[in-house]
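Based on these hints, arrange chain E with the ligands on the given structure of chain A.
As they're listed, the protein sequences go chains A and E.
First residue of the first sequence? That's 1 in the numbering used here, and the numbers climb one at a time after it.
First residue of the second sequence? That's 1 in the numbering used here, and the numbers climb one at a time after it.
Each hint should be verified, as a subset may be incorrect.
Restraint-style ranges between C-beta atoms, simulated for each label pair [as the list claims (entries may be wrong)]:
1. 217(E) <-> 84(A): 28 to 38 Å
2. 84(E) <-> 345(A): 44 to 54 Å
3. 139(E) <-> 230(A): 52 to 62 Å
4. 199(A) <-> 197(E): 50 to 60 Å
5. 394(A) <-> 207(E): 32 to 42 Å
6. 216(A) <-> 217(E): 54 to 64 Å
7. 315(A) <-> 106(E): 30 to 40 Å
Everything labelled a hint here was simulated from the structure, so no lab data went into it.
Glycine residues also receive a C-beta, built at the ideal position from the N, C-alpha and C atoms.
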Amino acid sequence: MTSAKRMLTGNMAAAWGARSSNVDYVCGYPITPQSEIVETLAGWVDRGEMRAKFTNFDSEHSMLAAAGAASLTGARTFTATASQGLIYGLEMLYAIAGWRAPIVLVNVSRGVGMPMILQVEHGDVLAARDSGFIQLHAETCQDVIDFVMLGYRVGEDRRVMLPVIVNMDGFVLSFARERVEIPEARAVSRFLPEYEHPTPLLGDPEAPVAFSPTTTDGFVYSYFKHQLHLASIESKKVFAEAAKDFSAAFGREHGVVEEFMTGDAETVFVATNSYSSIVRSGVMALRREGERVGMLRVKMLRPFPSEEVARALGSARHVAVYEQNLAPGRGGIIYPEVTEALYHSPHRPEVIQSFIGGLGGTQLGLGEMRLMLKKCKASRADSRLHEPVLLFRKEDSDRLAEALRLAGTAPGTASAVRKHAG
Amino acid sequence: MLRVRLHGRGGQGTKTAGSIISLAATLEGYHAQDSPMYGPERRGAPVASFVRISRDQVNERGYITSPDVVVLFDRSLASSKAVDPLAGLRKAGVLVANEGPEGTEGSVVRIDASSRARRLVGRDNVSAAMAAATCRALGISRVENVLSAVETELREVGLADQDVQKNLALAEECYSLVPALGVRDQDSPEAEHALAEVRYAPHYVSTSLIMSTGNSPQKKTGGWRTSRPVIDYSKCTNCMVCFVYCPDSAIHLDADGAPRIDYDNCKGCMICLTECPIRAVSEEAP
Ligand code: SF4
Ligand code: SF4
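Here chain A stands alone, though its shape is the one from the complex (with noise of 0.2 Å):
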């Protein structure tokens, strides 16, 4: 296979993915909007063009457990799921992180019902945050080949030993077509070596391993759990290492953050996912209006990449962390990281505002970027930046105003009289 650019959709990005990096396994449950990938695969292992065993599962947590106990045995895995099934499997993936199974897990980020809905909100994949896994989240189609083959080459680093999460937007990405460019067998085999683990699963019957032990002993418990802790925090520096290879094999870059015309901005977005990439044009945008504005894109979540995003922002007077996700009582789930990361930095922003859009695929545009300027240069240190502003339209508030119209429950209808008179 030459290398070759085609335009794929983020879902068949992750498909090719797991191709490129020749797994030997693919456990797959369909759930929208991820289904296209492990159809693909399917249809690529029924018909030979893929040397891999793939098995359709009865559930997202059998299909996970099965991913992690095949990673122990020394095959290469992959899955993919999407929003109520990563939560569904959620117990698993603790299960995985602690067998230290490297798998690569797709996410296509969809909101988590109720209301269910099919469209993208990082509530799925943020869920999974503690749970020990890499995680690295995708802007454009080409980020998800890139990551999955990065996740593999992260992930079953001895000094690791850790499984990855690669995430994209539900419809947004998984669903749009870009112009990719599908990596060289060649090239990916010098990236890429051949997986081994070290103490295999069913490996040598004389000396036979097992995992997942039971303890009633907390110390045991302090010892693995923190050294999980600090696999994860060793990946950082293992993927600097792989990502100056992968720049040498395939020629791009990726770096745990994305600096875009940060150095002499006075406020800089904080972004993650597909909608950098109108994050990025609204910055340029802005720009040509003559406001100085840029954009930091956070492209791994997990280990946090704390000393970047501090070193990144250092330098701003004004932070506006936006995100598609909202932890009830919290806010947004990545906004606390950043002003942390920010807690210890020489030079501390005035303003870090924190700003919620986008959940279940509601548009972000040039006027929402505009406002959340406004609203950081309003801002003073005092006033209460972590209670997130909502970004909803006016044309969404009045089509809801409708949709509650047909529900019965707009204050002042009918039926809302009826039940709740007095």
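Positioned in the frame of chain A, the structure of chain E with the ligands alone reads:
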């Protein structure tokens, strides 16, 4: 950046047309991105697709609210308030519509792609036809690259060889019918949207619950129809087979036991036509 928004119904080829346009643009050296938008509904429900074409990296995503070009696959969508296909179309923006009579007036291009597709391909799937007409109107791609894109994308969705050939002929014909309008490349960003403030509301409002239960009849699913079943009562024997088989309970029996189709909700699946033992149901335009 050129922003193209396509509106059609599931099954008409709206998504594939978007893929063809964007691939044709990339074959001419542009950066392009295409993405479809649809809900959980099935065939016949309104769908949209978006194509962005630029000389530089495309730094936009999701719904296109201020398109330079609207491509309308189904004239019945023009009057739909929910779809509102012309919403946000820029001044001097182009409309490419699948309807007769054919011709170009100002920036409106009409092409009867459905009739042409039925004649040349044998079915009303107009992805190749509408994509070719749009590429020509925009002046973004030469005919050979349009045809190459049609071939790649139709093979990708699994079309048989002979159908691909028929679609290539259709695309070539539609390409030649349309003048190159040469839409001006917009470098202005999409329109900005005013924001609303959201406050906490009482429980019955702020919980996602439905108090006017039984409101699904308000959703008229007949809007999803791409063809209309018509019963010939001079033949119909009132055997009730269609009444039993209609998966959407869109056929009821009147006082005389004759089947009546509820066109507000009939989705045009044509199961009644297939099941009618004496072929008393025919298929007509939606
Ligand atoms: S086409 Fe016939 S079977 Fe299908 S929904 Fe309409 S009436 Fe029912
Ligand atoms: S199946 Fe045909 S003949 Fe029987 S009731 Fe329906 S339309 Fe009439």
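Discussion item. Assuming the hint says 44 to 54 Å, is it satisfied by the Cβ distance from residue 84(E) to residue 345(A) or not?
Written reply: holds (48 Å)
Assessment of proposed distance window 52 to 62 Å (beta carbons of residue 139(E), residue 230(A)): With a Cβ separation near 59 Å, residue 139(E) and residue 230(A) satisfy 52 to 62 Å, so the hint holds.
Open item on the list: For the hint 28 to 38 Å, verify it against the beta carbon of residue 217(E) and that of residue 84(A).
Closed with: holds (29 Å)
| task | Confirm or reject the claim that residue 394(A) and residue 207(E) have a C-beta distance inside 32 to 42 Å. | result | Between residue 394(A) and residue 207(E), where Cβ atoms are some 23 Å apart, the hint is violated.
Checklist entry - CB of residue 216(A) to CB of residue 217(E), is that within 54 to 64 Å? => result holds (60 Å)
query: Could one say that the CB atoms of residue 315(A) and residue 106(E) fall in the range 30 to 40 Å?
result: Given a distance of about 52 Å, which is not inside 30 to 40 Å, the answer is violated.
A range of 50 to 60 Å was offered for this pair. Does it hold for the Cβ distance of residue 199(A) and residue 197(E)? At roughly 58 Å between Cβ atoms, residue 197(E) and residue 199(A) fall inside 50 to 60 Å, so the hint holds.
The structure fails to meet hints 5, 7 from the earlier list, while all remaining hints are met.
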